[in-house]
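Trainee: Sequence:
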Amino acid sequence: MNPTSTKTQILGNLLIYLLKLQAFFLVFTFLGGVVLGIFPSLATVLDYLVHSLDKKQDDLNLTFSTYKKRWSSYFKSANLLGFSLSALFLFLVVDLQISKSFLHSLPLHLALFTLLVLLLGIACYLFPSLTRYNLTVLQHFKQAAYLFLANLIPTVAMLAGLLLASALMTLFPILVLIGLVPLLLLPIAHFALQAMLKVEANHG
Numbered sequence: 010m011n012p013t014s015t016k017t018q019i020l021g022n023l024l025i026y027l028l029k030l031q032a033f034f035l036v037f038t039f040l041g042g043v044v045l046g047i048f049p050s051l052a053t054v055l056d057y058l059v060h061s062l063d064k065k066q067d068d069l070n071l072t073f074s075t076y077k078k079r080w081s082s083y084f085k086s087a088n089l090l091g092f093s094l095s096a097l098f099l100f101l102v103v104d105l106q107i108s109k110s111f112l113h114s115l116p117l118h119l120a121l122f123t124l125l126v127l128l129l130g131i132a133c134y135l136f137p138s139l140t141r142y143n144l145t146v147l148q149h150f151k152q153a154a155y156l157f158l159a160n161l162i163p164t165v166a167m168l169a170g171l172l173l174a175s176a177l178m179t180l181f182p183i184l185v186l187i188g189l190v191p192l193l194l195l196p197i198a199h200f201a202l203q204a205m206l207k208v209e210a211n212h213g
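Take the numbering used here: the last position of the sequence shown gets the number 213, and nothing is skipped along the way.
Where hints are given, some of them may not hold.
[Unchecked claim] So the derived label-pair ranges between C-beta atoms look like this:
1. T17 - A96: 42 to 50 Å
2. A96 - S74: 28 to 36 Å
3. L193 - D63: 16 to 24 Å
4. S74 - A120: 44 to 52 Å
5. K151 - S114: 23 to 31 Å
Just so you know, the hints here were simulated from the structure itself, not pulled from any lab data.
The structure displayed is predicted, hence computed values, not measured ones.
Glycine included, C-beta positions come from ideal geometry on N, C-alpha and C.
Assemble the whole structure, with the sequences as input and the hints as a guide.
Mentor: Right, here's the structure in full:
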């Protein structure tokens, strides 16, 4: 097989993989009634991506039944994390609006904004932590905060990757249909995995 055929086959397999992840994400999000389905689906897609990127682990078999099994295993924990994160975001955003509109306290406003940035950083690592570690909800938040603070530059690279993925889908709209969710989660999976491996190596 010539190099061109090999590259074409690899690209084809990748597109099929992304398409299947996208399809399963949508199916199980709706099976969970959207509200209860989206967080387990996000965790499951991240789980598949992290396993695919981690050279030390075998790839997970991507079929309807295996996806369903992993989605079910994440159902409770992912929803607890997702709704806790959403509630914290809502609380901080409301507090920021109150501070801006009524209190006019610069120190308080800066403190709330700092907490919001920290929470955004935690959000980048929260579900990757869930796919790799067996922790309580509070421990996952602590682990995600540690991963964020210990990996500020990779976090910036992660955000740059999200912008790049968004730009690619703007240039090639067909990618939105093929793999909107996995393409957006891929930079998170990649840089979060590097951060987790780095922390594990330092504490090994």
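Trainee: Does each hint fit the structure? Answer for all of them.
Mentor: Right, here's what the structure says about each hint:
no. : hint                    : verdict
1   : T17 - A96: 42 to 50 Å   : holds (47 Å)
2   : A96 - S74: 28 to 36 Å   : holds (33 Å)
3   : L193 - D63: 16 to 24 Å  : holds (19 Å)
4   : S74 - A120: 44 to 52 Å  : holds (48 Å)
5   : K151 - S114: 23 to 31 Å : holds (28 Å)
When each numbered hint is compared with the structure, no violation occurs for any of them.
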